[in-house]
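Trainee: Line by line, the protein sequences are chains A and B.
Taking our numbering, the leading residue of the first sequence gets 993, the next gets one more, and so forth.
Taking our numbering, the leading residue of the second sequence gets 52, the next gets one more, and so forth.
Just to be clear, a hint being listed does not mean it is correct.
Computed footprint of chain A on chain B, listed as stretches where at least three residues anywhere in the stretch have a Cβ under 8 Å from a Cβ of chain A [what the hints assert, rightly or not]: (1) 67-81; (2) 102-111; (3) 239-248.
Have a look at the derived ranges for each label pair, beta carbon to beta carbon [said to hold, decoys possible]: (4) 272/B - 1147/A: 56 to 62 Å; (5) 169/B - 1063/A: 35 to 41 Å; (6) 1152/A - 236/B: 55 to 61 Å; (7) 286/B - 1060/A: 54 to 60 Å.
To be clear, the hints were calculated from the coordinates, so they are not data collected in a lab.
Positions of the beta carbon are idealized from the N, C-alpha and C atoms, including for glycine.
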Amino acid sequence: MGSAPPPYLAVALDGAGWHPAAWRLPDARPHDLLTAAYWIDLVRVAEDAGLDFLTLEDSVGLQTSRYEGPDGRVDQVRGRLDAVQVAARVAPATSRIGLVPTATVTHTEPFHVARAVATLDHLSGGRAGWRPQASNRADEAAHFGRRTLPVFTIAQFDEPDVAPVVAALFDEAGDHVEVARRLWDGGPVDFHGRWFDVAGPAVLARPPQGHPPVMVLAHASIPYRLAARAADVMWATAFDARRVREIVAETRAAQHAAGRGDDVLHVFADLVVFLDEDTPAAKARKDQLDEWAGDVLATDTLVFVGSPAELADLLADWQDAGVTGFRLRPGALPHDLNTIARLLTAELRRRGALREPPGPETLRTRLGLAPVRGTR
Amino acid sequence: MTHRAPLGIALPWSTDAASWLADAQAADAAGFDFLLVPDDPDGVRPEPFALLSAAATVTRRAGLVAAVSTDFTEPYEVARQLATLDHLSDGRAGWLPRWDLFAPQDFRRGDAARGGAVRARGFVAAVGTLLSAWQGDEALAAAGVFVTKPDVGAFRYRDPDFDIAGLFNVPRSPQRHPVLFSLDPLEDAFTLRTVPVSGGDDPVSVAGRLSTTDGTVLDPRGDAAAVPVAAAVAALRPAPDNQPATLRERLGLPTLSPDGDR
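Chain A with its partners taken away, still in its complex shape (with noise of 0.2 Å):
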């Protein structure tokens, strides 16, 4: 304790924040979450923090409380921008931040997201990451009309009829990741998979990082052996440090069972964070959005709720526990993101536990990943 490095900090932003009720707060934006100035005032904050990388969240279907498909309700942000673009669209106006895009893979070409992810780590200097995401939704199977997908909930994953639907699109996912490697790597692919059949020289620009990271966010064992499989950081849910032990001690068992013993694979904690100067005056803006939509926020990992000395107490034991890095999900924006910004990262200094910014070095080099061959 006390000797570790100090954890990575990567923030997760998405429309208002992550509280459903958020964009009913005062200083919130509701009107301008399409428009540029809202992402890059955010990305400002984080950057000028010294934060490590950002992540910007991004579906092929419209926002929704169910985990099965729409739900029809009219009080919660519905609406988005393509996070890719996003990320260009910010990308000149930074300079340090890492930015890391979610792209969903099970309907997109590998050529596509491929190219997308590389065109975008050539705008930021070497700063892209990529997040690539299954989706099991049947309602966004239907905007493409090209294959069906049966409906089911998280609760369900281990059933015996869907477990396999879920590895085979996680399975899926996978490959995608690995004909993008070779893409980036300028061709020929030759991949003759289950789900893809690539063949050919598909020249592209080379991405300045050889291999812009490729980051997975996990709930359970199936995406943890994506994760030891096929990306340099996992995101894992959890509700408390017992739990981050298991799931630490069993990805990197998935690791060195996938031949990746001698690989950087981070593994991040995910939580979502409502934090003010007191806990109280934090409570009390949680209760409030409760109130407003109808129920205490569930979601699939802890959620903080208090003050910078808790949550940078909360982090010291999650790190000890394993973890070399976390994402915060910022209740709501940009009121958590500043207090994130602004209280944490002071408290943190106070304790010798924060990072020095980033420099002018790419985001590889910043997680300490190993140089892609023919790159610096």
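Following the hints, put chain B in place on chain A, whose structure we already have.
Mentor: Same frame as chain A, but now just chain B:
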């Protein structure tokens, strides 16, 4: 009002992002009506929408037009990209559908049935349907109501090549329908002619080759020295009477009524 036939410049990728963005900025300052990112089979093929989204940051007035392959892409994803570019550029987006640009073996199933001119026409119609899915009056964001109806963005499109339905997830953008261009005369599309330009050309003689009725795209063909020549050609044109905001306005196209589809 003085009629100016639209003039654009093709800006293919050459060396690096900084040079490309500098060229885009110079073309914008020179007064081009639009910048075009082509998608040539022989080039290194950066992704046009990512490139143009970055161009939106360093330009103010020029339209941002993507050559878009309709082979091996799907209307839902292209409509998302167009609407996003239009939002991020305050209404300066346009597109030029192209087909037969890619080799089938580069794609998932190498399915040759996903290409060609017939599919392209259906593709354009499907994109039009998707971009009409939001009326533009749904976003309320007041008194606890974010959108005014539960099935916001509902759409359905069916033809021999496409059968898609659901909810489009990008709200109506400033132009609603980014400007549609074509190299051949096509209903509802703005026709473009390509005029090559090189570093040794005389701007006045190039200006004499511009179309006076259709749009013209000057194509430097990867010759970096051609870009300042092209800028000089642009500077020879009379200044516009007004200060148009969107690409549609700049090209003198009718703005759309709330029910309008083009």
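Trainee: Hint compliance check: list the failing hint numbers for this structure, sorted ascending.
Mentor: 3
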